[in-house]
Amino acid sequence: MKNVIAILSLLLLSSTAHAALSVFACEPEWAALTQELAGDKATVYTATTALQDPHRIEARPSLIAKARRTDLVVCTGAELEVAWLPLVLRESGNGKVQPGSNGYFEAASVVHMLEVPTQLDRGEGDVHAQGNPHIQTDPRNFLPVAEALAKRLMQLDPANAAAYKQRLAAFTGQWRTAIAKWEKQAAPLKGMPVVVQHKGFPYLSSWLGLKEVTTLEPKPGMEPSAAHLSLVLNTLQQYPAKMVVRAAYQDGRPSAWIAQRANIAAVELPYTVGGSAEATDLYGLFDDTVARLLKGLQ
Amino acid sequence: MFKNICLCTCASVLLGHAACACAAGNNEAAFNPAFSLILSGGYASLQRDPAIPATGFAMNPNPGHEQGFNLGESEMGISANIDPQFRGVATLALAAAGGISVENAFVQTTALGDGLNLKFGRFFSGLGYLNEQHAHAWDFVDQPLVYAALWENQLGEDGLQLKWLAPTDMFVEIGGEMGKGRGFPGTDRAKNGSGAGVLFVHAGDDIGIAQSWRAGVSLHQTRRADAVSDAVPDLLGTAGGVSNSFNGDSRTVGMDLVWKYAPDGNPRNSQVKLQAEYFRRSENGHLTYDTAGANIRDTFAVTQGGFYVQGVYQFMPRWRTALRYDRLDPGVAQIGALNVGNVINNYAYQPNRTALMLDYSPSEFSRLRAQLAHDRSRQGLVDNQFFLQYSMSMGAHGAHSY
Chain A
117 MKNVIAILSL LLLSSTAHAA LSVFACEPEW AALTQELAGD KATVYTATTA LQDPHRIEAR
177 PSLIAKARRT DLVVCTGAEL EVAWLPLVLR ESGNGKVQPG SNGYFEAASV VHMLEVPTQL
237 DRGEGDVHAQ GNPHIQTDPR NFLPVAEALA KRLMQLDPAN AAAYKQRLAA FTGQWRTAIA
297 KWEKQAAPLK GMPVVVQHKG FPYLSSWLGL KEVTTLEPKP GMEPSAAHLS LVLNTLQQYP
357 AKMVVRAAYQ DGRPSAWIAQ RANIAAVELP YTVGGSAEAT DLYGLFDDTV ARLLKGLQ
Chain B
17 MFKNICLCTC ASVLLGHAAC ACAAGNNEAA FNPAFSLILS GGYASLQRDP AIPATGFAMN
77 PNPGHEQGFN LGESEMGISA NIDPQFRGVA TLALAAAGGI SVENAFVQTT ALGDGLNLKF
137 GRFFSGLGYL NEQHAHAWDF VDQPLVYAAL WENQLGEDGL QLKWLAPTDM FVEIGGEMGK
197 GRGFPGTDRA KNGSGAGVLF VHAGDDIGIA QSWRAGVSLH QTRRADAVSD AVPDLLGTAG
257 GVSNSFNGDS RTVGMDLVWK YAPDGNPRNS QVKLQAEYFR RSENGHLTYD TAGANIRDTF
317 AVTQGGFYVQ GVYQFMPRWR TALRYDRLDP GVAQIGALNV GNVINNYAYQ PNRTALMLDY
377 SPSEFSRLRA QLAHDRSRQG LVDNQFFLQY SMSMGAHGAH SY
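From first to last, the protein sequence lines are chains A and B.
Here the first sequence stands for residues 117 to 414, where the numbers follow my numbering.
Here the second sequence stands for residues 17 to 418, where the numbers follow my numbering.
Among the hints, a few may not be true.
[Claimed, not checked] Derived lysine to aspartate or glutamate pairs resembling DMTMM-like cross-links, with alpha carbons at most 20 Å apart:
#1 LYS212/A / ASP185/B
#2 LYS315/A / GLU380/B
#3 LYS335/A / GLU380/B
#4 LYS212/A / ASP99/B
What the hints contain is simulated information worked out from the structure, not anything from laboratory work.
Using the sequences and the hints, build the whole thing.
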């Protein structure tokens with residue numbers, strides 16, 4: 117009997133020693149970044165896909181079950197997941213990943229936030245107190261996030277700290293090179309006037325110097341109505357734009373309506389990893405984003 | 017007013033890009049505590065007196081409807097983490113007639129770990145699917161008949177609840193509750209020990225990316241003491257009915273199933289939700305017939321039940337329509353010899369209702385609703401009902417349950 121217990125506990129110990137860190141990523145971009153930084157040291161579950169609106173996910177039983185067994189939750193924060201994540205974490209009964217603990221990481225906490233409202237008024241639509249949460253459209257934001265996330269991985273899994281450090285250095289180097297490449301490619305986009313469907317691109321616009329003329333949603337989070345779209349059309353007659361931009365998860369009809377009447381290109385951007393056939397990883401995401409914007413310019 | 021000013025320490029880093037280290041806030045940090053207010057109300061056009069109970073359910077509660085223009089309950093919610101171990105939630109209902117009642121006031125643990133969640137205070141029981149949902153999250157103006165008759169719309173409890181989530185890929189949750197027995201069919205009385213107990217198991221998962229489901233089984237048990245009901249019809253045809261009193265055991269089993277479908281798993285654009293629940297209650301004890309007059313006590317046992325099936329279809333962003341069918345079974349009572357000539361044992365009628373709903377939500381925080389119902393819950397008294405309802409939420413907007 118004693119032997120059996122000894123063998124069992126050995127098995128248990130060895131399995132925990134070799135077990136990869138279990139990560140719950142709210143959005144595909146953070147899953148991809150975690151995978152870049154952790155390699156085979158982590159198994160990553162992605163809670164949402166590029167075709168889902170991260171504001172409007174339901175706290176499904178499957179998400180609660182996944183959060184129950186995870187060591188680290190990696191999310192955007194800034195209230196992007198406010199409609200589902202707090203409930204998922206609470207119901208998970210997992211003390212390791214509650215907000216404020218080491219197992220809870222918010223990317224937005226280390227990024228310079230844009231569009232931080234000076235006053236909180238729901239009359240302005242679904243605004244986020246901490247600023248616009250769609251930080252993943254500017255590749256430069258991945259650098260501080262990667263650094264902070266790698267630090268967190270080292271804290272949670274000190275045995276593999278050296279590996280995380282090495283992978284962070286490799287990623288940072290490659291990513292900087294890639295950013296320089298994208299910026300060169302995207303040079304013709306500077307100052308280009310665009311219409312956006314949802315206020316989801318301020319980081320992209322600030323990075324590439326796009327000029328957002330107007331928005332299809334009358335207020336953030338509100339569906340574009342026919343009346344508002346006519347107003348947008350009027351605005352476009354005065355201030356013509358080159359293209360109307362939307363994320364892969366958004367309804368394509370309002371964009372198509374405007375594009376047809378204003379005779380401009382409708383550009384669907386992958387928005388995150390998996391949002392298009394080409395956006396298979398973080399590099400593909402920005403390769404494809406820049407390529408699609410340049411195509412819209414033609 | 018509860019705005020939290022975020023103090024940023026900014027430093028110029030990589031690529032000349034300024035990075036700002038904000039005190040990382042979760043949802044509720046911006047409002048500490050998170051404060052919300054739900055305003056609701058509407059209009060009801062009814063052809064029958066809403067005080068008439070469903071046939072065969074005169075000894076059950078009848079929450080009914082309010083006729084004409086009416087102010088619904090305004091609901092005030094306050095929640096916050098108390099410390100790293102506990103979170104507190106209070107929901108106060110401001111009744112239209114005045115007065116504040118405590119709907120929920122509970123504390124829950126946040127750091128027990130191992131899948132355990134402990135809740136204590138006043139809370140809505142975790143049995144069934146609809147029971148835990150607050151009125152502003154309902155898909156119809158009213159609760160299904162089976163919830164109205166068997167749980168007085170919602171079972172609230174003063175006590176404690178322990179839930180355990182299994183460490184499995186599939187969601188499997190087991191929960192137990194014990195409490196005072198405050199809500200119907202319990203008996204609120206000052207006594208040591210537990211007045212009512214609940215056990216439930218929930219399981220759920222995704223099917224591919226577009227579908228998800230949750231199913232559950234519940235058990236509720238309580239001992240009813242001096243449960244008085246008025247205006248109960250009897251075999252003698254006493255005008256205005258009589259008052260009866262029941263003492264005995266009450267045991268309810270329930271089953272619930274919810275299935276949702278959204279293209280690409282993105283419920284923003286369109287979604288289908290199908291749900292059904294079934295409850296069956298057996299009561300066994302003694303009934304005192306006509307407490308104000310004859311006052312005859314003998315054995316009484318009955319099994320009552322009911323179910324509803326409903327479908328909600330969000331056919332475009334912001335717009336939903338729904339259809340619900342409701343049915344109750346008053347059962348056939350076993351009545352002791354002394355009361356066989358007094359108490360009706362078989363109503364031979366199954367109350368039922370069909371409701372059709374359309375709602376529009378201009379934003380996540382507002383909803384306007386119209387509902388038609390063809391109510392045959394009272395034998396021979398068909399009631400075609402029409403409702404308009406608004407439900408608006410201000411302040412912090414917490415996450416909704418599945």
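To see whether the hints hold, each was checked on the structure:
1. LYS212/A / ASP185/B: Distance ~18 Å between LYS212/A and ASP185/B Cα, so the pair holds.
2. LYS315/A / GLU380/B: holds, 17 Å
3. LYS335/A / GLU380/B: Judged against 20 Å, a Cα distance of about 12 Å means the pair holds.
4. LYS212/A / ASP99/B: Holds, because 15 Å separates the two Cα atoms, which is no more than 20 Å.
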